[in-house]
Structures are given as C-alpha cells and as structure tokens.
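Chemist: In order, the protein sequence lines correspond to chains A and B.
1 is the number of the first residue of the first sequence in my numbering; add one for each residue after it.
295 is the number of the first residue of the second sequence in my numbering; add one for each residue after it.
Don't take each hint at face value.
Derived DSS-like pairs: lysine-lysine, alpha-carbon spacing no greater than 27 Å straight-line [unchecked claim]: (1) Lys505/B to Lys279/A; (2) Lys4/A to Lys305/B; (3) Lys573/B to Lys279/A; (4) Lys305/B to Lys28/A.
Keep in mind that the hints were calculated from the coordinates and are not lab data.
What follows is each chain in one-letter form.
Number of protein chains: 2
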Amino acid sequence: MEGKQLDKHLKRIGEDIWLIEDDRDNLKLTYRGKEIISSKKSPFQQVDIVDLYDFGKCLVLDGVVQTTVLDGYIYNEMISHIPIVTHDYPRDVLIIGGGDCGAANEVLKYEEVQSVDVVEIDEVVVKECIEHLPEISDTVPLDERVNFIFTDGVEYVKNCEKRYDVIIIDSSDPVGPAVQLFSEDFYKDVKKCLKEDGIMVCQSQSPIFNKEILRNTYKILNEYYPIVRVYKAVVPSYPGGMWSFTLASLKYDPVNADTSKLKLNTLYVNREIFEACFKLPNIVKECLIEAANK
Amino acid sequence: MEGKQLDKHLKRIGEDIWLIEDDRDNLKLTYRGKEIISSKKSPFQQVDIVDLYDFGKCLVLDGVVQTTVLDGYIYNEMISHIPIVTHDYPRDVLIIGGGDCGAANEVLKYEEVQSVDVVEIDEVVVKECIEHLPEISDTVPLDERVNFIFTDGVEYVKNCEKRYDVIIIDSSDPVGPAVQLFSEDFYKDVKKCLKEDGIMVCQSQSPIFNKEILRNTYKILNEYYPIVRVYKAVVPSYPGGMWSFTLASLKYDPVNADTSKLKLNTLYVNREIFEACFKLPNIVKECLIEAANK
Numbered sequence: 001m002e003g004k005q006l007d008k009h010l011k012r013i014g015e016d017i018w019l020i021e022d023d024r025d026n027l028k029l030t031y032r033g034k035e036i037i038s039s040k041k042s043p044f045q046q047v048d049i050v051d052l053y054d055f056g057k058c059l060v061l062d063g064v065v066q067t068t069v070l071d072g073y074i075y076n077e078m079i080s081h082i083p084i085v086t087h088d089y090p091r092d093v094l095i096i097g098g099g100d101c102g103a104a105n106e107v108l109k110y111e112e113v114q115s116v117d118v119v120e121i122d123e124v125v126v127k128e129c130i131e132h133l134p135e136i137s138d139t140v141p142l143d144e145r146v147n148f149i150f151t152d153g154v155e156y157v158k159n160c161e162k163r164y165d166v167i168i169i170d171s172s173d174p175v176g177p178a179v180q181l182f183s184e185d186f187y188k189d190v191k192k193c194l195k196e197d198g199i200m201v202c203q204s205q206s207p208i209f210n211k212e213i214l215r216n217t218y219k220i221l222n223e224y225y226p227i228v229r230v231y232k233a234v235v236p237s238y239p240g241g242m243w244s245f246t247l248a249s250l251k252y253d254p255v256n257a258d259t260s261k262l263k264l265n266t267l268y269v270n271r272e273i274f275e276a277c278f279k280l281p282n283i284v285k286e287c288l289i290e291a292a293n294k
Numbered sequence: 295m296e297g298k299q300l301d302k303h304l305k306r307i308g309e310d311i312w313l314i315e316d317d318r319d320n321l322k323l324t325y326r327g328k329e330i331i332s333s334k335k336s337p338f339q340q341v342d343i344v345d346l347y348d349f350g351k352c353l354v355l356d357g358v359v360q361t362t363v364l365d366g367y368i369y370n371e372m373i374s375h376i377p378i379v380t381h382d383y384p385r386d387v388l389i390i391g392g393g394d395c396g397a398a399n400e401v402l403k404y405e406e407v408q409s410v411d412v413v414e415i416d417e418v419v420v421k422e423c424i425e426h427l428p429e430i431s432d433t434v435p436l437d438e439r440v441n442f443i444f445t446d447g448v449e450y451v452k453n454c455e456k457r458y459d460v461i462i463i464d465s466s467d468p469v470g471p472a473v474q475l476f477s478e479d480f481y482k483d484v485k486k487c488l489k490e491d492g493i494m495v496c497q498s499q500s501p502i503f504n505k506e507i508l509r510n511t512y513k514i515l516n517e518y519y520p521i522v523r524v525y526k527a528v529v530p531s532y533p534g535g536m537w538s539f540t541l542a543s544l545k546y547d548p549v550n551a552d553t554s555k556l557k558l559n560t561l562y563v564n565r566e567i568f569e570a571c572f573k574l575p576n577i578v579k580e581c582l583i584e585a586a587n588k
C-alpha cells in the first residue's frame with residue numbers, strides 16, 4: 001500500500017488511517033480507521049488510541065489492538081462478573097494488568113466490593129484510557145474504591161502483604177514480559193495473596209490456537225487449588241474468537257454460584273450465559289483431560 | 295509486499311504463499327501459507343485449495359476463505375446436528391449450498407437419514423473439496439444416500455416437488471447472488487418444501503458485525519413458523535468469531551429435544567453445548583426483541 005507511514009504500524013492513505021497488526025507470523029490484520037485520537041510513547045511501549053471503522057475506538061499497544069469499544073465489554077464482563085458472583089463476600093479485589101480499566105469498571109458494579117487495587121506497569125495506558133476511552137473506563141476515575149499501583153504485577157504479588165478475596169489476572173498475550181504472568185512461580189505468589197476462601201481468575205488464551213497455554217494453566221492451577229473451572233466466551237476482535245478463562249478457587253465453586261446476585265446492567269453476561277459458559281466443546285474438554293494426565 | 299502475484303489474491307514471497315482477503319472495506323486479512331494445492335477457474339468463481347500455516351488446508355472462493363480444516367467442523371456440526379437431533383424422524387434432508395460437503399458429512403452420521411440432497415451451484419467446488427479436503431468431505435463421496443444437484447438453490451426450492459424433513463441453508467455471506475438466500479421469497483419457497491413437521495436452519499451471520507441480517511431473518515421466519523430459535527457458536531476463522539444460526543420449525547422445539555440421540559463422534563458439539571448454545575448474550579437478546587417489535 002502506498003501512503004504516508006506515520007509510525008511502524010500506522011499509515012495514512014488519503015482520508016484513511018490503516019493500522020497494520022503484524023505481530024503474528026502467519027496472520028496479519030489490517031484495519032481501516034478514521035483517525036488517530038492520541039499517540040504516546042511510554043517507557044514501556046507505543047500507546048495509541050485509534051478510531052477504527054469496524055471496531056470503534058480502541059487501545060493499541062505496540063501496534064496490537066488490545067481492547068475495542070465494539071467488543072471490549074465481552075472480555076471485561078466475563079473476567080469480572082464470574083469470579084465476583086462466585087465469591088460470597090468479595091470485598092477486596094486485585095486486578096493485575098487491566099490498564100484499560102474495563103475489568104475494574106465491571107467489578108465496581110458490586111456494592112459489596114470495598115477496594116479494587118489495579119496493578120498496571122504502564123501509567124500512560126491508564127491515563128490514555130481514562131481520557132479517551134470513557135466507554136470502557138467509565139466510572140473508574142471517579143470511584144474512591146479504586147487504587148492504582150503502577151508497578152510490575154509479578155513483583156507486586158511477590159512482595160504483597162495484603163490479602164484479597166478475588167484476584168483477576170488481566171494479562172496481555174504470553175509474549176515478552178507477560179510470559180511470567182503464565183508461570184508456576186507467579187501463580188504460587190498469587191495464591192499467597194488470597195484470603196483462605198479466595199478466588200483467582202486469568203485469561204488462558206484461545207483453546208483453538210493456543211492449546212498449550214490453556215493446558216499448562218489448567219495443570220498448574222489444579223496442583224494448588226481444590227476447585228478449577230474453565231469457561232469460555234467469544235471475543236470477536238481477538239484472533240481465534242473463542243477465548244478461555246480459568247478460575248481457581250479455594251472454597252467457592254462457580255457451578256454452584258447464586259447467579260441471582262449477577263448485576264443486570266451488562267451487555268453480554270446474564271444468568272443463562274453464566275451457567276452456559278462452563279459448558280465446553282469436546283476439543284476443549286479433551287485438552288483439559290490431556291492436562292490432567294500430563 | 296514485494297513478491298510474485300499469482301492471481302488477484304495470491305502472492306508468492308520466497309518460500310511462502312500469502313493470501314490477501316480484501317473483500318471487506320474495513321478489515322483486510324493476510325494469511326501465510328505453505329502451498330497452493332489446487333487452483334481452478336469455474337464458471338462461477340475462482341476456486342483455490344490452499345494450505346495455510348495457522349488454519350491448515352482451506353477452501354478459498356474468489357479470494358475469501360470459506361472453510362478450513364482447523365475449524366470448519368464447528369460450523370458444520372452446529373448447522374447439522376442441532377436440526378437433525380431436534381427432529382423426531384429426520385429421513386429426507388436438503389442442503390442448499392454446502393459445496394464443501396462438511397454439513398452433509400455430519401448429517402450422514404445419523405442412520406435414520408435416508409436421503410441427503412445437496413443443491414450446490416458450483417460443481418467445481420464439490421469436486422475440489424472431495425479430492426483435496428477429505429478431512430471435511432470425509433464419507434460423503436462413498437455414501438449412496440447423497441445426491442448432488444448442481445443448480446441454483448433459489449430456483450431449486452421454487453420448483454421442487456419433493457418434501458423434506460430438514461432443510462439446511464448453508465449459504466455464503468449475503469453479497470452477490472447469495473443475497474437472495476436471505477430474502478423473504480426464498481424462505482417462503484423453503485417452507486413449501488418442508489413436510490408438515492419440518493425444520494429449516496440457516497446461518498444468520500455475526501450478531502456483532504451484521505445484526506441487521508439476524509434481525510431480518512428472525513423477523514421473517516417468525517411470520518411463517520410457530521417455533522423460531524436462535525443459537526450461537528464460535529467460528530474462529532470468520533470475522534466476528536461469534537456466529538448465529540436461526541432454526542425455524544413447524545412442530546419440534548430444539549429446547550425440548552432428546553439430546554441423548556446426539557452422535558458423539560464430534561469435535562465441538564456435545565449434549566451440554568446443544569443446551570448451552572441457545573443461551574444468548576444480552577446484546578443478541580436485545581436484537582431479537584427489536585426484530586419482534588419491528
């Protein structure tokens with residue numbers, strides 16, 4: 001394509017912006033956009049807010065779309081409401097990553113939640129999302145229950161003395177520094193930060209394209225927690241569409257949760273989806289059986 | 295990208311083949327492939343079988359990926375097993391489109407099915423898929439219950455005198471001639487071809503990107519059938535990931551189906567998924583309420 005290269009991933013051709021997502025070896029996505037709303041270089045990465053034709057406004061880190069106004073709520077609702085509703089008394093919540101503030105915004109819908117600590121390495125991401133993506137960050141900047149801690153999540157859980165009811169690991173893909181957020185050492189530290197009836201949840205990637213991550217996550221968590229449940233959701237803007245989440249719990253089982261507590265001001269999750277999301281396709285079930293026998 | 299242009303959509307760069315899917319205005323997908331297995335020009339379209347790195351072998355029509363070995367089974371199982379299991383006596387089945395033979399292969403798993411008429415406009419597609427995609431077409435070429443009719447599906451149902459128990463509309467996207475497969479006149483003709491306790495099912499596009507199609511399909515079918523149910527599945531290689539299917543029935547309700555009849559030699563569908571697929575996210579429920587009030 002001819003046109004003016006704006007940075008490594010963004011190009012202007014006539015009236016249009018084109019975002020070229022080329023982090024994967026075998027599949028490149030090229031999105032047509034209306035405008036670049038903001039562009040910042042943080043100490044960690046290139047942080048862009050771009051308005052795309054098909055997905056609306058979105059957060060782009062180093063040229064990779066992270067969350068979009070069109071479908072970000074699906075991921076954010078599923079990673080938040082499921083553990084919060086599963087826990088009988090979710091007072092103290094820790095979110096690792098989640099700089100877009102979407103998961104925090106969902107957690108805050110529950111009045112019984114008293115504190116939400118968001119540990120995000122990159123302050124620029126949080127600032128940009130609060131300023132430019134209010135559809136996603138919503139009430140977060142105004143809610144006094146939220147406390148931002150700008151540091152590395154791996155270091156935070158290693159040294160943390162606070163104990164949480166629910167820990168949400170809202171990590172990016174397991175490349176670069178995020179690899180550690182999928183390691184056994186990290187999960188051990190996370191468990192240490194939970195109260196004795198605590199719950200943790202993490203995104204465990206696409207069960208179609210990245211079975212190995214789901215298999216490993218499931219295997220490790222089974223060694224440390226009596227209850228481990230995998231659930232699924234669709235995330236249209238992620239390659240693979242079907243996304244897996246793994247919930248590990250010291251006491252409460254989501255399969256027996258009182259779903260009447262579920263907040264109804266949502267776009268995706270409802271009581272039926274809460275129950276249906278634990279029903280897994282054969283290929284995913286087989287993957288979990290393999291993990292158990294590994 | 296530099297390299298040798300093989301046709302409008304295929305390029306060779308070094309050892310690699312690149313397939314550039316540019317039928318959408320706002321999102322272009324570029325797939326890295328190992329080889330072009332076959333390339334034919336039919337009277338209707340360019341028919342390529344390409345081996346892609348991430349998706350395996352796939353059928354490409356006019357440069358658009360239609361079905362892949364990696365995930366084609368999800369769509370094919372969901373469009374077939376749900377109506378077949380819902381019907382008490384599914385003897386005569388009509389598939390409109392479905393030239394990849396994947397839906398037919400799923401239908402044939404049921405011994406009670408006595409005939410499967412596959413009405414596909416393009417004979418080249420069927421020949422190519424039988425020769426090069428046996429993972430998808432599987433037992434179809436050897437099964438005497440299958441009868442191929444190479445003609446336009448719209449014309450076929452207009453003039454057809456045979457009556458079917460189940461009609462599966464396995465259409466491509468609603469562009470070009472396929473638009474008619476989403477029209478009220480077509481659905482009226484389809485109903486005429488059903489026995490008095492018949493069931494029809496169609497793919498009704500992504501409820502995220504193409505709500506209008508789902509809304510219209512649901513509205514039209516509700517005018518002609520006492521029972522209309524929308525269900526969902528994930529189709530990783532389709533943009534939008536979440537896919538909707540609409541089932542319209544003259545007697546049997548899938549919500550009361552005897553799912554113990556479901557065949558177990560599947561990769562995606564099982565009894566739990568059968569039940570869970572009718573549980574819809576809020577955004578899809580709202581779309582159906584809008585349709586009902588239109």
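Chemist: Take the hints in turn and mark each one as holding or not.
Modeler: Each hint tested on the structure:
Of the supplied pair hints, the one linking Lys505/B and Lys279/A holds, its CA atoms being roughly 25 Å apart against a limit of 27 Å. Of the pairs offered as hints, the one joining Lys4/A and Lys305/B holds, with about 24 Å between alpha carbons and a cut-off of 27 Å not exceeded. At most 27 Å may separate the alpha-carbon atoms for a hinted pair to count; Lys573/B and Lys279/A meet this at roughly 11 Å. This hinted pair checks out: Lys305/B and Lys28/A have alpha carbons roughly 14 Å apart, not beyond 27 Å.
The structure fails none of the hints (numbered hints given earlier).
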